[in-house]
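Q: These are the residues of each chain, in order.
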Amino acid sequence: MATADASIGARRKYPPKYGSISRDRRWALRWSYVFLVLFAIFFLMPPIYMLITSLKTSAEISAESNPWWVYHPTLANYIELLSSSQYLGYFRNSAIVSVFVVTTTMLISVPAAFALSRMKFWGSATLATGIFLTYLIPETLLFLPLFKMFALFNQWTGIQLINRWWVLLFLYPTLTVPFCTWIMIGYFASIPKELDEAALIDGAGWLQTLTKIFIPVALPGLIAATIFAFTVSWAQFLYPLAFTTSSEQLVLPVGIITSLIKGDVFNWGQIMTGALLGAAPPLIIYAFLMDYYIAGLTAGATKG
Amino acid sequence: MAEVRLRRVVKTFDAVEAVRGIDLDIADHEFVVLVGPSGCGKSTTLRMIAGLEDITDGDIMIGGDIVNDVPPKDRDIAMVFQNYALYPHMTVSQNMSFGLRLKRYPRAEIKKRVDEAARILDIKELLDRKPKQLSGGQRQRVAMGRAIVRNPKVFLFDEPLSNLDAKLRVQMRTEIKKVHQQVRTTTIYVTHDQVEAMTLADRVVVMNHGTIEQVGTPQQLYHSPRTRFVAGFIGSPAMNFIPCRIEAADGGLSVRLTDALAFPVPDARAERYRDCTQNGALLLGLRPEHITDAHANLAPGEIPFDANLEVTEPMGMETLVYFPLNGTQVCGRVNPNAGARDGSPLRMAANLNNMHLIDATSGRVI
Amino acid sequence: MVDIVLPGQAGSAGETRRRSSLKRTMQRKSTVAFLMALPLVLLISLLVLYPALYSLYLATLNKSMQRFIGFGNFAFLFKRETFWMVVRQSCIFALTAVLFKALIGFVVAHFVHNIPAKGQRKWRGMLLVPWVIPPAMSTLAWLWLFDPSYSAFNWILAIFRVGPIPWTGDANWARFSVILVNVWIGAPFFMIMYLAALKSVPEQLYEAAAIDGANWWQRIWYVTLPMMRNIIAITALFSLIVTFANFDIVRILTQGGPIDKTHVFATWAFWLGIQGGDIPLGASVSLFMVPILATAAIFILRDITRRGNEA
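Just so you know, the protein sequences line up as chains A, B and C, in that order. Position 34, counted from 1, in the first sequence is what my numbering calls 34; the numbers after and before it change by one each time, with no gaps. Position 100, counted from 1, in the second sequence is what my numbering calls 404; the numbers after and before it change by one each time, with no gaps. Position 139, counted from 1, in the third sequence is what my numbering calls 809; the numbers after and before it change by one each time, with no gaps.
Some hints here could point you the wrong way.
According to the in silico footprint, chain A covers these stretches of chain B (three or more CB under 8 Å from chain A) [said to hold, decoys possible]:
hint, segment
1, 367-381
2, 397-406
Some but not every residue of chain B turned toward chain A, in silico, with C-beta under 10 Å [as the list claims (entries may be wrong)]:
hint, residue
3, G355
4, I359
5, Q386
6, N387
7, Y388
8, A389
9, A447
10, R450
11, K457
12, D462
13, R477
14, G605
15, F609
No lab work stands behind these hints, which were simulated from the structure alone. Fair warning: this is a prediction, and the values are worked out from it, not measured in the lab. Heads up, the beta-carbon is just placed ideally off N, CA and C, and yes, glycines get one too.
Required output: the full structure, derived from the provided sequences and hints.
A: Below, the structure is given as structure tokens:
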């Protein structure tokens with residue numbers, strides 16, 4: 001008797017809510033989309049504004065009209081910059097430096113990561129931790145002593161290192177190599193040890209194991225590390241600002257800021273165009289290889 | 305000639321002795337299984353034969369040459385791993401031919417060998433697939449193909465079936481045996497599963513704590529185990545060990561289990577146990593298949609007794625019964641129609657013709 | 671731990687005795703491995719470790735770098751009010767920015783996690799854009815958005831009759847702006863990290879909690895946060911270090927102004943060292959970052975090794 005009463009009472013207290021879970025979910029979903037749209041506006045607004053401004057004439061920029069809309073779109077800014085040898089020079093410098101640095105980085109990182117993750121030798125564990133730690137020494141600590149070191153080097157050997165863009169080829173890897181090594185160690189470590197042993201029994205030496213087995217299998221990691229190295233090189237600001245001054249030596253970030261801002265006159269149309277074009281390569285790579293990009297980011301922390 | 309010889313082989317990891325000086329002779333074309341519980345040193349031994357582990361002391365000879373310092377690729381061996389270790393970015397045929405390609409064999413020869421191995425293993429249609437498109441059993445066959453293709457002196461198998469589900473394991477076991485019949489290469493096979501050992505091996509090496517307990521054919525190990533460990537390891541369900549004493553009775557010997565229960569020792573065995581009457585710590589070893597339900601025509605040596613069954617496990621073709629005897633739980637195998645039920649008594653018969661007497665302190669089978 | 675014999679050591683078949691351990695160690699894979707790691711070691715030693723130590727020495731010199739003045743530079747800095755302002759500003763920026771980045775990252779990650787998997791990729795892609803754009807470029811965009819005369823934000827505010835805000839002109843607004851840009855650039859990184867961590871929390875834990883009667887807030891507090899504790903800590907510490915040493919944003923947005931009210935260690939060191947020509951003084955300023963960075967680094971290391979042991 002008691003159970004029958006209880007169940008009737010229960011039914012009255014909690015009317016059957018068929019699909020109550022899904023209604024909950026739908027509600028959460030709607031609110032999620034609302035907030036996501038808000039955040040998307042927040043995150044995408046500056047680049048969009050860059051685009052808008054880049055399509056405006058100087059006249060329209062200084063006018064009182066709505067800054068969020070283009071009334072007389074023009075490609076004049078783009079044409080001017082893309083035909084300016086100075087700007088193209090910046091682009092070229094950035095491209096050359098980035099490509100070289102990426103190559104150097106991978107040539108240093110991959111063998112080092114292989115050695116550290118696979119070939120346990122004396123001190124390999126400390127070295128691995130040490131590399132990770134050096135990543136934490138910021139360039140804002142190093143740029144001044146480096147400046148002095150370069151000046152001294154000039155005194156000893158007569159080779160001028162300051163205001164030479166190719167010096168960046170040596171400096172940038174200090175920023176990219178530690179993290180890329182870290183990423184590759186993570187990917188290499190996830191390859192099962194039996195694969196090495198099978199290769200060993202099949203007759204592969206260490207170098208063959210690296211090139212024929214590890215690199216192909218860890219290819220996603222390689223791509224992620226390459227993208228990371230490229231993005232970091234392209235976006236560098238402090239080192240080029242400190243070490244390059246004359247116009248033909250500048251890379252893109254520094255070039256835009258120092259040359260397009262002449263005195264007190266800011267040609268915003270051109271600045272925004274220049275900045276947008278400067279942001280284009282990383283954005284394009286990101287658009288096509290987004291998964292590798294993200295994998296590179298998360299690999300550092302989650303793969304440990 | 306591809307015989308393998310181990311002489312006083314020792315392996316120490318830091319302070320731990322994983323392998324304590326074993327001697328073993330494996331003849332050409334023989335299929336030898338190293339079996340034992342986890343940590344007994346069987347995998348370590350296999351890896352030392354492969355060259356994947358250094359030998360702390362002792363010698364290993366393959367085909368008459370000492371190979372202690374020879375790198376794996378020059379030992380003319382092939383290995384099949386527990387996790388298959390297939391190269392994920394290569395197709396099946398590339399996986400199988402990798403070793404040959406490294407040694408720069410001519411392409412025609414490589415193709416011939418790969419095709420032959422694929423025929424033996426029935427994986428011809430898989431040659432262009434990548435490992436991730438294959439099932440576990442197929443991957444294992446590819447791993448075996450990789451080994452066959454190299455035409456080595458010795459095959460080494462490191463627990464190859466452990467990752468497969470039970471049904472597939474039984475299937476693959478037969479495959480491996482058939483392959484060995486075709487390709488008669490010397491094989492050393494490591495497993496912790498004694499069923500695999502018994503079904504596949506020409507000879508079985510039972511290892512425990514880094515030493516060899518016994519080497520023999522499956523039949524020898526089953527019928528004449530030399531130590532308690534081997535007796536309890538081989539055979540499933542495991543042999544029963546019941547504390548007992550030997551006493552003189554009726555002109556012969558009898559095995560006393562409890563105050564109420566004693567089994568007369570068959571004459572054929574009495575001679576062996578004559579000197580054991582003083583020994584206090586003895587165990588009676590009797591396999592469950594030799595403890596059955598009592599039926600009409602009992603042969604000499606089959607002694608009936610009553611048992612109070614605790615648990616019964618109907619297996620279909622037989623029923624396993626568990627009952628207490630002198631403080632230990634004993635397992636018996638009875639006819640499914642014997643009327644065995646949980647908690648009820650049953651008239652059983654123990655076949656003492658297959659008894660073993662074990663010294664409890666030394667673990668030796670008398 | 672695999673000790674593998676190097677190829678090429680086949681030795682004569684007649685050799686039977688023990689291996690001579692010393693000789694083999696020399697020819698072991700250790701040498702090959704060390705050579706492979708050597709370029710890395712050289713690069714780091716020469717261009718990271720050495721300059722770091724060198725800066726210690728530099729900080730003890732006078733402006734023209736002729737004389738050794740010991741702690742003179744440090745004493746000088748301690749007396750300057752600007753220095754203490756820089757210390758305070760750097761710390762406040764770093765802590766506030768990281769806090770908001772973590773919060774926003776966490777919240778957004780949850781929303782992205784809630785929507786069906788197909789759409790997640792699209793939204794994730796859009797929301798990561800601030801991280802992908804070179805910070806120098808996007809800071810320029812913000813500079814333009816904050817422009818005293820033409821700020822697009824002020825234009826919108828004017829519609830609601832809210833007075834024009836001196837985004838970079840007023841000290842406190844300038845500080846706010848710097849933090850805002852920093853958060854804008856960095857929050858997506860946190861979102862990605864947290865999203866990955868969210869996905870790794872087993873769904874069954876949430877189901878068990880729901881059965882136990884937990885509402886959404888309690889589920890976050892009792893299930894999500896504890897499971898994500900490690901990632902949260904490591905990402906935050908990482909970001910603390912990077913934010914603390916940040917240069918680009920302040921440099922481009924405010925140049926440290928107005929009246930040095932937004933200077934951080936990095937920009938002030940640049941101002942003193944390169945623009946002011948006093949490298950030792952600049953180096954001393956930079957060095958003050960070290961204690962805080964080191965503390966954060968120790969915590970990170972401890973967390974990583976602890977996580978490594980748990981895993």
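Q: Hint by hint, note whether the structure agrees.
A: These are the hints, each one checked on the structure:
no., hint, in the structure
1, 367-381, "holds (count 4)"
2, 397-406, "holds (count 3)"
3, G355, "holds, 8 Å"
4, I359, "violated, 16 Å"
5, Q386, "holds, 8 Å"
6, N387, "holds, 5 Å"
7, Y388, "holds, 8 Å"
8, A389, "holds, 4 Å"
9, A447, "holds, 8 Å"
10, R450, "holds, 8 Å"
11, K457, "violated, 13 Å"
12, D462, "holds, 9 Å"
13, R477, "violated, 21 Å"
14, G605, "violated, 51 Å"
15, F609, "violated, 51 Å"
The structure is inconsistent with the numbered hints 4, 11, 13, 14 and 15, although it conforms to all the rest.
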